[in-house]
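K.L.:
Work the whole structure out from these sequences, hints included.
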Amino acid sequence: MNFTLGFKPAMGDSSSVENLEKQLICPICLEIFTKPVVILPCQHNLCRKCANDVYKASNPLWQNRGPVSTGGRFRCPSCRHEVVLDRHGVYGLQRNLLVENIIDIYKSESTRPLLPKAEQQQLMCDQHEEEKVNIYCLTCETPTCSMCKVFGAHKDCDVAPLPDIYKRQKTELSDAIAILVAGNDRTQALISQMEDIGRTIKENGHRQMQYISDKFDELYAILEDRKRELIETVGREQDQKQGHVRSLIRRHGDHLEMSVKLVETAIQSMEEPQMAVFLQSAKEVFKKITDTAKASNTERTEVGYESMAHFIINTEDVADMLRGINFQTGEDVEDRGDEAPEDPTTSPGQTGESGRCI
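Going by the working numbering, the sequence shown opens with residue 259, and the numbers climb by one from there.
Errors might be hidden in some of the hints.
Stated by the list, open to error - In silico BS3-like pairs for lysine-lysine, Cα to Cα no more than 25 Å straight-line:
| no. | residue 1 | residue 2 |
| --- | --- | --- |
| 1 | Lys-365 | Lys-428 |
| 2 | Lys-293 | Lys-280 |
| 3 | Lys-425 | Lys-390 |
| 4 | Lys-293 | Lys-428 |
| 5 | Lys-485 | Lys-499 |
| 6 | Lys-314 | Lys-293 |
| 7 | Lys-407 | Lys-390 |
| 8 | Lys-428 | Lys-390 |
| 9 | Lys-425 | Lys-307 |
| 10 | Lys-365 | Lys-425 |
| 11 | Lys-365 | Lys-307 |
| 12 | Lys-541 | Lys-552 |
| 13 | Lys-365 | Lys-293 |
| 14 | Lys-545 | Lys-519 |
| 15 | Lys-280 | Lys-307 |
| 16 | Lys-413 | Lys-390 |
| 17 | Lys-407 | Lys-425 |
| 18 | Lys-485 | Lys-314 |
| 19 | Lys-519 | Lys-499 |
| 20 | Lys-473 | Lys-314 |
| 21 | Lys-413 | Lys-425 |
| 22 | Lys-473 | Lys-485 |
| 23 | Lys-428 | Lys-407 |
| 24 | Lys-293 | Lys-307 |
| 25 | Lys-460 | Lys-307 |
| 26 | Lys-473 | Lys-460 |
| 27 | Lys-293 | Lys-425 |
| 28 | Lys-552 | Lys-519 |
| 29 | Lys-280 | Lys-428 |
| 30 | Lys-519 | Lys-485 |
| 31 | Lys-280 | Lys-365 |
| 32 | Lys-425 | Lys-280 |
Read the hints as simulated data drawn from the structure, not as lab findings. Computed from a predicted model, the values in this text were never measured in an experiment.
P.N.:
Below, the structure is given as structure tokens:
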């Protein structure tokens, strides 16, 4: 069914008045604020009844605790700011007397009805142009006029007064809005919870990565210490053998030098032309040669003395063990008594990667 509009703007219909009226519309019931008007911490306003409806929808466990709710929270339908109530509940919110005074002045000064635009525009029946749409057809679920009920297409239908259906559906829509707002609050709370979980996962991951890094640093330190000890052991034997070899070199060098000088002396004795003088010197030289030959030192190192091959270490088993390092189960941790840093997100009895240790 089509309708024609029979609405004539009032004298005060201007952009400034329209803007003022928009500021006086409750975001829940979509009507002019009804006193008392409460102001939320975010500075937005609600009818107290609408605020209470939103509060009850957001806190279903408090609905059966009497007319005055105590404590709880809900989110502002305009900006989603969380409103935390004290023990007085909605009745603990401060009234916005300024807005109430503006509404009073608006009502007394404005010549236009304080209704949304859709209600200011009186619908006329397209079948009976002189008839206003004033009833609601329950069968067809559409507004109509009295003439259509008596003579027209809706004469066999069930009808009801338009204001009654209007109030009922307005209430139902307001309740649906409150339920939707409450659902949005729960969704927002779930999102916040997931964000907290994400941050905790990141923190726990960083902590466990630092824990693993520290464990491997400990292994590096042990390997470095052991490497230094083994190298020092090889170095001590190397110095000992080199010292022994150097002492033998000095000893044989001294003996060689003394033998060379004795050879030179013997050659000089051989050149003596006088037999008596030669015999006198040769006897002493011969004795020195005999003593030197007897004192000849042929000490040397044993075969393989220079080898250092006995300093051999087998790292294959250790390397396989290092390559096999992995996260252990909770049972293994209990058996060893070695626990990783506590993970606040892991409850007792749970085992997860964030609660495992090397």
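K.L.:
Taking the earlier hints as the rules, which of them does this structure contradict?
P.N.:
Result: hints 18, 19, 20, 25, 30 break, sorted rising.
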